[in-house]
Amino acid sequence: MTDTHAPHVFTANPPPIRGLFAKAEWLREGRLPATARAVMLTVVVFLGAALVFAALTPLRELVRAPGTIVPSGRPVSIEHLSGGRVTEVHVSEGMQVLAGELLARLDQPELTRQIAAARESLSQVEYRRSAIASVLGWLQHGASPQPVGPDAAAKVPGDAYADARHALFLARQQVISGQIATADRTIASLERARTIAMRRVEDQSDQVTRLSRLAAQGHIAEFTLFAATDRLGELSGELAASEVALARAVSDRQAQQARMAENALEHRETLLREAFELDEKARSLKNDLQGLQELRDALAIRAPRDGIIQHVAFPLPGEVIGPDTELFRLLPSSVSLMAEIRISPQDIGHVAVGDSVAMKLQTFDFRRFGGVSGRIESLSPTSVEQPDGTSHFRATIRLDDNRIGPEGDRRPIRPGMEVAAEIQTNTRTILQYILKPLDASLRAVLTER
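35 is the number of the first residue of the sequence shown in my numbering; add one for each residue after it.
No lab work stands behind these hints, which were simulated from the structure alone. In this text, all values refer to a predicted model and were calculated from it rather than measured experimentally. Note that the Cβ used here is the ideal one computed from N, Cα and C, for glycine as well. It cannot be assumed that every hint is accurate.
Result set (EDC-like, lysine to aspartate or glutamate): computed pairs, CA atoms no more than 20 Å apart in a straight line [as the list claims (entries may be wrong)]:
#	residue 1	residue 2
1	K394	E441
2	K394	E95
3	K394	E374
4	K394	E452
5	K320	E144
6	K320	E308
7	K315	E154
8	K394	E411
9	K315	E160
10	K394	E456
11	K320	E160
12	K320	D331
13	K394	D443
14	K394	D434
15	K315	E303
16	K394	D435
17	K320	E441
Now the in silico label distances, taken between C-beta atoms and shown as ranges [stated by the list, open to error]:
#	residue 1	residue 2	range
18	A392	V418	17 to 25 Å
19	A151	E113	23 to 31 Å
20	L329	E456	50 to 58 Å
21	E127	S370	20 to 28 Å
22	L350	L115	18 to 26 Å
23	E456	E113	24 to 32 Å
With the sequences and hints as input, model every part of the structure.
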(Lines of atoms letter the chains of each structure in order from A and count residues from 1; the text may use other names and numbers.)
(Lines give C-alpha, C1' and ligand atoms only; values in the text may rest on other atoms or scores of the structure.)
Protein backbone atom coordinates (compact mmCIF):
# COMPACT_ATOMS: atom_id res chain seq x y z
CA MET A 1 0.00 0.00 0.00
CA THR A 2 1.41 3.32 -1.04
CA ASP A 3 1.81 6.27 1.52
CA THR A 4 0.32 9.32 -0.16
CA HIS A 5 1.65 11.73 2.58
CA ALA A 6 5.35 10.88 2.27
CA PRO A 7 7.47 13.98 1.66
CA HIS A 8 8.40 14.71 -1.85
CA VAL A 9 12.07 14.79 -2.58
CA PHE A 10 13.01 17.84 -4.65
CA THR A 11 15.37 16.87 -7.47
CA ALA A 12 16.97 18.78 -10.26
CA ASN A 13 15.00 16.74 -12.77
CA PRO A 14 11.46 16.64 -11.43
CA PRO A 15 9.20 13.77 -12.44
CA PRO A 16 6.36 14.46 -14.77
CA ILE A 17 3.73 16.42 -12.86
CA ARG A 18 0.28 16.92 -14.07
CA GLY A 19 -1.71 19.95 -13.10
CA LEU A 20 -0.74 23.51 -12.15
CA PHE A 21 -1.52 23.15 -8.45
CA ALA A 22 0.65 20.11 -8.13
CA LYS A 23 3.54 21.90 -9.77
CA ALA A 24 3.22 25.01 -7.48
CA GLU A 25 3.14 22.75 -4.44
CA TRP A 26 6.28 21.05 -5.65
CA LEU A 27 8.10 24.39 -6.12
CA ARG A 28 7.09 25.73 -2.65
CA GLU A 29 8.40 22.61 -0.95
CA GLY A 30 11.65 23.03 -2.82
CA ARG A 31 12.27 26.65 -1.64
CA LEU A 32 11.95 25.97 2.13
CA PRO A 33 15.52 24.68 2.75
CA ALA A 34 17.10 27.71 0.92
CA THR A 35 15.14 30.28 3.02
CA ALA A 36 16.12 28.55 6.24
CA ARG A 37 19.76 28.68 5.28
CA ALA A 38 19.53 32.44 4.45
CA VAL A 39 17.85 33.27 7.76
CA MET A 40 20.40 31.33 9.73
CA LEU A 41 23.24 33.02 7.92
CA THR A 42 21.75 36.47 8.57
CA VAL A 43 21.35 35.74 12.28
CA VAL A 44 24.94 34.50 12.56
CA VAL A 45 26.30 37.59 10.78
CA PHE A 46 24.21 39.93 12.96
CA LEU A 47 25.33 38.23 16.17
CA GLY A 48 28.93 38.39 15.07
CA ALA A 49 28.70 42.05 14.21
CA ALA A 50 26.98 42.76 17.53
CA LEU A 51 29.74 40.93 19.43
CA VAL A 52 32.41 42.90 17.56
CA PHE A 53 30.58 46.19 18.21
CA ALA A 54 30.13 45.34 21.89
CA ALA A 55 33.79 44.35 22.23
CA LEU A 56 35.16 47.50 20.55
CA THR A 57 32.75 50.28 21.56
CA PRO A 58 33.89 52.03 24.80
CA LEU A 59 31.50 53.53 27.33
CA ARG A 60 32.41 56.08 30.00
CA GLU A 61 32.19 55.23 33.64
CA LEU A 62 30.75 58.31 35.36
CA VAL A 63 30.36 59.44 38.92
CA ARG A 64 27.45 61.83 39.29
CA ALA A 65 27.34 64.34 42.11
CA PRO A 66 25.26 67.43 42.88
CA GLY A 67 26.89 70.73 43.87
CA THR A 68 26.78 74.50 44.05
CA ILE A 69 28.74 77.34 42.45
CA VAL A 70 30.79 79.20 45.08
CA PRO A 71 33.41 81.97 44.90
CA SER A 72 37.04 81.05 45.42
CA GLY A 73 37.56 83.99 47.82
CA ARG A 74 35.59 85.65 50.59
CA PRO A 75 33.17 88.51 49.88
CA VAL A 76 34.23 92.03 50.89
CA SER A 77 32.30 93.54 53.78
CA ILE A 78 31.63 97.27 53.21
CA GLU A 79 31.28 99.27 56.43
CA HIS A 80 31.50 102.89 57.61
CA LEU A 81 33.76 104.00 60.45
CA SER A 82 31.58 106.73 61.93
CA GLY A 83 28.06 105.82 60.76
CA GLY A 84 25.24 108.25 60.08
CA ARG A 85 21.80 108.50 58.54
CA VAL A 86 21.20 106.79 55.19
CA THR A 87 19.99 109.36 52.65
CA GLU A 88 20.51 107.57 49.33
CA VAL A 89 20.81 103.93 48.24
CA HIS A 90 21.77 103.34 44.61
CA VAL A 91 22.21 99.55 44.41
CA SER A 92 20.35 96.37 45.19
CA GLU A 93 21.30 92.72 45.58
CA GLY A 94 22.72 91.10 42.46
CA MET A 95 23.75 94.36 40.76
CA GLN A 96 27.09 94.54 38.95
CA VAL A 97 29.12 97.55 40.12
CA LEU A 98 32.44 99.09 39.13
CA ALA A 99 35.24 100.27 41.40
CA GLY A 100 34.44 103.75 42.74
CA GLU A 101 30.74 103.54 41.86
CA LEU A 102 28.45 105.20 44.40
CA LEU A 103 26.56 102.62 46.47
CA ALA A 104 24.94 104.80 49.12
CA ARG A 105 25.28 108.17 50.81
CA LEU A 106 25.11 108.94 54.51
CA ASP A 107 24.45 112.22 56.28
CA GLN A 108 25.53 113.70 59.63
CA PRO A 109 23.49 116.79 60.63
CA GLU A 110 26.27 118.27 62.77
CA LEU A 111 28.74 117.98 59.93
CA THR A 112 26.25 119.65 57.56
CA ARG A 113 25.88 122.58 59.99
CA GLN A 114 29.65 122.94 60.28
CA ILE A 115 30.04 123.04 56.50
CA ALA A 116 27.31 125.68 56.19
CA ALA A 117 28.93 127.83 58.90
CA ALA A 118 32.37 127.51 57.30
CA ARG A 119 30.96 128.51 53.90
CA GLU A 120 29.19 131.53 55.40
CA SER A 121 32.37 132.68 57.18
CA LEU A 122 34.41 132.20 54.01
CA SER A 123 31.85 134.17 51.99
CA GLN A 124 32.03 137.10 54.42
CA VAL A 125 35.83 137.09 54.44
CA GLU A 126 36.01 136.98 50.65
CA TYR A 127 33.45 139.81 50.46
CA ARG A 128 35.54 142.01 52.78
CA ARG A 129 38.73 141.06 50.90
CA SER A 130 37.13 142.04 47.60
CA ALA A 131 36.02 145.38 49.04
CA ILE A 132 39.51 146.15 50.37
CA ALA A 133 41.02 145.18 47.02
CA SER A 134 38.70 147.70 45.36
CA VAL A 135 39.79 150.48 47.76
CA LEU A 136 43.44 149.63 47.16
CA GLY A 137 42.84 149.79 43.44
CA TRP A 138 41.32 153.25 43.78
CA LEU A 139 44.26 154.41 45.90
CA GLN A 140 46.76 153.07 43.39
CA HIS A 141 45.10 154.75 40.40
CA GLY A 142 44.04 157.87 42.28
CA ALA A 143 40.38 157.36 41.36
CA SER A 144 37.53 158.46 43.54
CA PRO A 145 34.38 156.33 43.74
CA GLN A 146 31.04 157.77 42.86
CA PRO A 147 28.51 158.03 45.68
CA VAL A 148 26.45 154.87 46.05
CA GLY A 149 22.80 155.11 47.03
CA PRO A 150 20.89 152.62 49.17
CA ASP A 151 19.47 150.78 46.15
CA ALA A 152 22.85 150.40 44.48
CA ALA A 153 24.42 149.41 47.77
CA ALA A 154 21.85 146.67 48.16
CA LYS A 155 22.67 145.37 44.67
CA VAL A 156 26.49 145.45 45.01
CA PRO A 157 27.32 145.20 48.71
CA GLY A 158 31.03 144.75 48.01
CA ASP A 159 31.25 148.01 46.06
CA ALA A 160 29.16 149.84 48.67
CA TYR A 161 31.51 148.71 51.41
CA ALA A 162 34.51 149.78 49.35
CA ASP A 163 32.85 153.15 48.66
CA ALA A 164 32.26 153.68 52.37
CA ARG A 165 35.85 152.87 53.27
CA HIS A 166 37.24 155.12 50.57
CA ALA A 167 34.73 157.91 51.29
CA LEU A 168 35.84 157.95 54.94
CA PHE A 169 39.43 158.23 53.86
CA LEU A 170 38.56 161.01 51.39
CA ALA A 171 36.69 162.88 54.14
CA ARG A 172 39.77 162.88 56.31
CA GLN A 173 41.92 163.94 53.38
CA GLN A 174 39.43 166.69 52.52
CA VAL A 175 39.77 168.16 56.00
CA ILE A 176 43.52 168.29 55.65
CA SER A 177 43.19 169.63 52.13
CA GLY A 178 41.04 172.47 53.50
CA GLN A 179 43.69 173.25 56.06
CA ILE A 180 46.31 173.35 53.29
CA ALA A 181 44.11 175.70 51.25
CA THR A 182 43.80 178.01 54.26
CA ALA A 183 47.56 177.89 54.67
CA ASP A 184 47.97 178.79 51.00
CA ARG A 185 45.73 181.84 51.44
CA THR A 186 47.63 182.87 54.57
CA ILE A 187 50.95 182.51 52.77
CA ALA A 188 49.67 184.60 49.89
CA SER A 189 48.58 187.37 52.33
CA LEU A 190 51.87 187.24 54.18
CA GLU A 191 53.79 187.41 50.92
CA ARG A 192 51.84 190.52 49.93
CA ALA A 193 52.46 192.05 53.37
CA ARG A 194 56.14 191.28 53.10
CA THR A 195 56.29 192.90 49.67
CA ILE A 196 54.64 196.05 51.05
CA ALA A 197 56.95 196.04 54.07
CA MET A 198 60.00 195.65 51.85
CA ARG A 199 58.86 198.51 49.66
CA ARG A 200 58.23 200.74 52.69
CA VAL A 201 61.64 199.84 54.13
CA GLU A 202 63.26 200.74 50.83
CA ASP A 203 61.36 204.04 50.69
CA GLN A 204 62.24 204.84 54.29
CA SER A 205 65.85 203.94 53.70
CA ASP A 206 65.99 206.35 50.73
CA GLN A 207 64.45 209.09 52.89
CA VAL A 208 66.98 208.51 55.67
CA THR A 209 69.75 208.84 53.11
CA ARG A 210 68.39 212.15 51.81
CA LEU A 211 67.90 213.48 55.32
CA SER A 212 71.43 212.47 56.23
CA ARG A 213 72.80 214.62 53.36
CA LEU A 214 70.58 217.54 54.33
CA ALA A 215 71.57 217.26 57.99
CA ALA A 216 75.21 217.24 56.99
CA GLN A 217 74.62 220.51 55.06
CA GLY A 218 72.78 221.98 58.05
CA HIS A 219 69.48 222.37 56.27
CA ILE A 220 67.50 220.23 58.77
CA ALA A 221 67.68 219.58 62.45
CA GLU A 222 69.26 216.42 63.84
CA PHE A 223 65.93 215.57 65.45
CA THR A 224 64.30 215.04 62.08
CA LEU A 225 67.08 212.65 61.04
CA PHE A 226 66.74 210.69 64.22
CA ALA A 227 62.97 210.38 63.78
CA ALA A 228 63.39 209.06 60.22
CA THR A 229 66.00 206.62 61.38
CA ASP A 230 63.71 205.31 64.13
CA ARG A 231 60.94 204.91 61.56
CA LEU A 232 63.27 202.89 59.33
CA GLY A 233 63.97 200.58 62.26
CA GLU A 234 60.26 200.11 62.92
CA LEU A 235 59.61 199.29 59.28
CA SER A 236 62.54 196.84 59.21
CA GLY A 237 61.09 195.12 62.28
CA GLU A 238 57.72 194.86 60.59
CA LEU A 239 59.43 193.32 57.52
CA ALA A 240 61.23 190.81 59.69
CA ALA A 241 57.99 189.93 61.47
CA SER A 242 56.21 189.39 58.16
CA GLU A 243 59.02 187.15 56.94
CA VAL A 244 58.86 185.14 60.15
CA ALA A 245 55.07 184.78 59.82
CA LEU A 246 55.47 183.78 56.17
CA ALA A 247 58.07 181.18 57.06
CA ARG A 248 55.80 179.84 59.79
CA ALA A 249 52.86 179.64 57.38
CA VAL A 250 54.95 177.79 54.79
CA SER A 251 56.12 175.40 57.47
CA ASP A 252 52.55 174.82 58.59
CA ARG A 253 51.50 174.09 54.99
CA GLN A 254 54.33 171.60 54.55
CA ALA A 255 53.31 169.95 57.82
CA GLN A 256 49.73 169.61 56.53
CA GLN A 257 50.98 168.12 53.26
CA ALA A 258 53.15 165.69 55.18
CA ARG A 259 50.19 164.82 57.36
CA MET A 260 48.05 164.23 54.28
CA ALA A 261 50.69 161.95 52.76
CA GLU A 262 51.17 160.16 56.08
CA ASN A 263 47.42 159.70 56.38
CA ALA A 264 47.35 158.12 52.90
CA LEU A 265 50.24 155.80 53.79
CA GLU A 266 48.64 154.81 57.08
CA HIS A 267 45.36 154.18 55.29
CA ARG A 268 47.07 152.04 52.67
CA GLU A 269 49.12 150.22 55.31
CA THR A 270 45.98 149.48 57.32
CA LEU A 271 44.22 148.15 54.24
CA LEU A 272 47.18 146.00 53.23
CA ARG A 273 47.48 144.59 56.76
CA GLU A 274 43.78 143.86 56.86
CA ALA A 275 43.92 142.32 53.38
CA PHE A 276 46.81 140.08 54.48
CA GLU A 277 44.92 139.03 57.61
CA LEU A 278 41.84 138.31 55.53
CA ASP A 279 43.90 136.27 53.08
CA GLU A 280 45.29 134.22 55.96
CA LYS A 281 41.82 133.77 57.40
CA ALA A 282 40.41 132.81 54.00
CA ARG A 283 43.13 130.18 53.52
CA SER A 284 42.46 128.81 57.00
CA LEU A 285 38.72 128.68 56.34
CA LYS A 286 39.30 127.01 52.98
CA ASN A 287 41.46 124.35 54.63
CA ASP A 288 38.82 123.81 57.29
CA LEU A 289 36.09 123.65 54.66
CA GLN A 290 38.14 121.22 52.58
CA GLY A 291 38.57 118.98 55.61
CA LEU A 292 34.85 119.11 56.34
CA GLN A 293 34.04 118.37 52.70
CA GLU A 294 36.40 115.41 52.77
CA LEU A 295 34.55 114.14 55.81
CA ARG A 296 31.29 114.61 53.94
CA ASP A 297 32.70 112.91 50.85
CA ALA A 298 33.67 110.02 53.10
CA LEU A 299 29.97 109.64 53.84
CA ALA A 300 29.54 108.64 50.19
CA ILE A 301 30.03 104.87 50.26
CA ARG A 302 31.65 103.62 47.05
CA ALA A 303 32.56 100.19 45.75
CA PRO A 304 36.20 99.35 46.60
CA ARG A 305 36.52 97.20 43.47
CA ASP A 306 34.53 95.69 40.62
CA GLY A 307 32.08 93.04 41.68
CA ILE A 308 28.51 91.98 42.41
CA ILE A 309 26.44 93.19 45.35
CA GLN A 310 25.75 90.01 47.29
CA HIS A 311 23.92 91.46 50.29
CA VAL A 312 22.34 94.80 51.25
CA ALA A 313 21.90 95.31 54.99
CA PHE A 314 20.27 98.78 54.98
CA PRO A 315 18.23 99.22 51.80
CA LEU A 316 15.94 102.05 52.99
CA PRO A 317 16.85 105.75 53.20
CA GLY A 318 16.36 107.32 56.60
CA GLU A 319 17.78 104.47 58.65
CA VAL A 320 20.47 105.43 61.18
CA ILE A 321 23.49 103.14 61.37
CA GLY A 322 26.24 102.99 63.94
CA PRO A 323 30.01 102.85 63.43
CA ASP A 324 31.54 99.71 61.88
CA THR A 325 28.16 98.42 60.75
CA GLU A 326 28.11 96.27 57.60
CA LEU A 327 26.11 97.99 54.88
CA PHE A 328 26.90 95.85 51.84
CA ARG A 329 28.64 92.62 50.96
CA LEU A 330 30.51 92.69 47.65
CA LEU A 331 31.71 89.68 45.71
CA PRO A 332 34.76 90.92 43.72
CA SER A 333 34.79 90.19 40.00
CA SER A 334 38.47 89.30 40.22
CA VAL A 335 37.54 86.30 42.39
CA SER A 336 37.22 83.21 40.23
CA LEU A 337 34.25 80.89 40.60
CA MET A 338 34.43 77.28 41.71
CA ALA A 339 31.98 74.43 42.02
CA GLU A 340 31.67 72.60 45.32
CA ILE A 341 30.19 69.15 44.75
CA ARG A 342 29.14 66.37 47.13
CA ILE A 343 30.50 62.90 46.23
CA SER A 344 28.97 59.76 47.67
CA PRO A 345 31.28 57.58 49.82
CA GLN A 346 30.59 54.69 47.39
CA ASP A 347 32.13 56.70 44.54
CA ILE A 348 34.97 58.54 46.28
CA GLY A 349 37.43 55.74 45.62
CA HIS A 350 37.15 56.28 41.89
CA VAL A 351 37.70 60.05 42.01
CA ALA A 352 41.10 61.77 42.10
CA VAL A 353 42.45 65.29 42.00
CA GLY A 354 42.91 66.42 38.40
CA ASP A 355 39.99 64.44 36.97
CA SER A 356 37.99 66.31 34.35
CA VAL A 357 34.42 67.20 35.21
CA ALA A 358 31.47 68.11 33.00
CA MET A 359 28.73 70.08 34.72
CA LYS A 360 25.19 71.04 33.86
CA LEU A 361 23.72 74.14 35.48
CA GLN A 362 20.17 73.53 36.61
CA THR A 363 19.09 77.10 35.81
CA PHE A 364 20.12 76.85 32.12
CA ASP A 365 18.62 74.58 29.47
CA PHE A 366 21.43 72.17 28.58
CA ARG A 367 20.23 71.78 24.98
CA ARG A 368 20.45 75.54 24.45
CA PHE A 369 23.33 76.69 26.64
CA GLY A 370 25.35 73.50 27.02
CA GLY A 371 27.45 72.91 30.10
CA VAL A 372 30.70 74.02 31.66
CA SER A 373 33.84 71.97 32.25
CA GLY A 374 36.51 71.99 34.90
CA ARG A 375 38.94 69.90 36.89
CA ILE A 376 38.95 68.65 40.44
CA GLU A 377 41.27 70.85 42.48
CA SER A 378 40.87 69.36 45.94
CA LEU A 379 39.10 66.59 47.84
CA SER A 380 38.16 66.67 51.51
CA PRO A 381 40.26 64.18 53.52
CA THR A 382 37.26 62.95 55.49
CA SER A 383 33.56 62.72 54.90
CA VAL A 384 31.17 65.44 55.97
CA GLU A 385 28.22 64.37 58.10
CA GLN A 386 24.82 65.82 57.18
CA PRO A 387 22.01 66.57 59.67
CA ASP A 388 19.90 63.82 58.12
CA GLY A 389 22.57 61.22 58.93
CA THR A 390 24.00 60.87 55.41
CA SER A 391 27.58 61.72 54.61
CA HIS A 392 29.54 62.83 51.57
CA PHE A 393 32.99 63.94 50.50
CA ARG A 394 33.43 67.55 49.39
CA ALA A 395 35.27 68.21 46.13
CA THR A 396 36.29 71.61 44.77
CA ILE A 397 36.28 72.10 40.99
CA ARG A 398 38.03 74.94 39.21
CA LEU A 399 35.85 76.16 36.32
CA ASP A 400 37.35 76.65 32.89
CA ASP A 401 35.02 79.59 32.18
CA ASN A 402 32.83 81.94 34.23
CA ARG A 403 30.25 82.24 31.45
CA ILE A 404 28.04 79.76 29.67
CA GLY A 405 26.20 79.64 26.38
CA PRO A 406 26.88 80.00 22.66
CA GLU A 407 28.55 83.07 21.14
CA GLY A 408 26.17 85.97 21.10
CA ASP A 409 24.20 84.67 24.06
CA ARG A 410 26.80 84.23 26.80
CA ARG A 411 25.40 84.27 30.32
CA PRO A 412 27.39 84.85 33.52
CA ILE A 413 27.69 82.07 36.05
CA ARG A 414 26.78 83.34 39.51
CA PRO A 415 27.49 81.98 42.97
CA GLY A 416 24.69 79.88 44.39
CA MET A 417 23.69 78.19 41.13
CA GLU A 418 23.02 74.46 41.43
CA VAL A 419 25.04 72.09 39.25
CA ALA A 420 24.97 68.40 38.34
CA ALA A 421 28.54 67.14 37.91
CA GLU A 422 29.66 64.12 35.91
CA ILE A 423 33.18 62.81 36.59
CA GLN A 424 34.65 60.32 34.16
CA THR A 425 36.55 57.72 36.16
CA ASN A 426 37.17 54.95 33.57
CA THR A 427 36.07 53.45 30.23
CA ARG A 428 34.60 49.99 29.58
CA THR A 429 33.23 48.24 26.49
CA ILE A 430 29.62 47.18 26.08
CA LEU A 431 30.68 43.53 26.13
CA GLN A 432 32.37 44.04 29.50
CA TYR A 433 29.18 45.58 30.87
CA ILE A 434 27.16 42.60 29.54
CA LEU A 435 29.56 39.95 30.85
CA LYS A 436 30.06 41.63 34.24
CA PRO A 437 27.10 39.82 35.96
CA LEU A 438 28.14 36.48 34.41
CA ASP A 439 31.74 37.02 35.44
CA ALA A 440 30.68 37.89 38.99
CA SER A 441 28.43 34.79 39.17
CA LEU A 442 31.15 32.47 37.84
CA ARG A 443 33.67 33.88 40.31
CA ALA A 444 31.24 33.33 43.14
CA VAL A 445 30.39 29.76 42.00
CA LEU A 446 33.95 28.73 41.36
CA THR A 447 35.06 29.85 44.81
CA GLU A 448 32.47 27.75 46.66
CA ARG A 449 33.53 24.57 48.48
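Against the structure, the hints come out as follows:
1. K394 with E441: Between K394 and E441 the Cα gap is close to 18 Å, so the pair holds against 20 Å.
2. K394 with E95: holds (17 Å)
3. K394 with E374: holds (13 Å)
4. K394 with E452: holds (9 Å)
5. K320 with E144: Holds - the C-alpha atoms of E144 and K320 are around 18 Å apart, at most 20 Å.
6. K320 with E308: holds (18 Å)
7. K315 with E154: OK: K315 and E154 at ~13 Å, within 20 Å.
8. K394 with E411: holds (18 Å)
9. K315 with E160: holds (9 Å)
10. K394 with E456: holds (8 Å)
11. K320 with E160: holds (11 Å)
12. K320 with D331: Answer holds: K320 to D331 is near 16 Å, not above 20 Å.
13. K394 with D443: holds (17 Å)
14. K394 with D434: OK: K394 and D434 at ~13 Å, within 20 Å.
15. K315 with E303: holds (18 Å)
16. K394 with D435: holds (13 Å)
17. K320 with E441: Violated, at roughly 55 Å.
18. A392 with V418: 17 to 25 Å: Given a distance of about 23 Å, which is inside 17 to 25 Å, the answer is holds.
19. A151 with E113: 23 to 31 Å: Holds - the Cβ-Cβ distance for A151 and E113, about 29 Å, lies within 23 to 31 Å.
20. L329 with E456: 50 to 58 Å: Since the Cβ atoms of L329 and E456 sit about 56 Å apart, the hinted range of 50 to 58 Å holds.
21. E127 with S370: 20 to 28 Å: At roughly 21 Å between Cβ atoms, S370 and E127 fall inside 20 to 28 Å, so the hint holds.
22. L350 with L115: 18 to 26 Å: Hint holds: Cβ distance 22 Å, inside 18 to 26 Å.
23. E456 with E113: 24 to 32 Å: Distance hint for E456, E113 is violated at roughly 42 Å.
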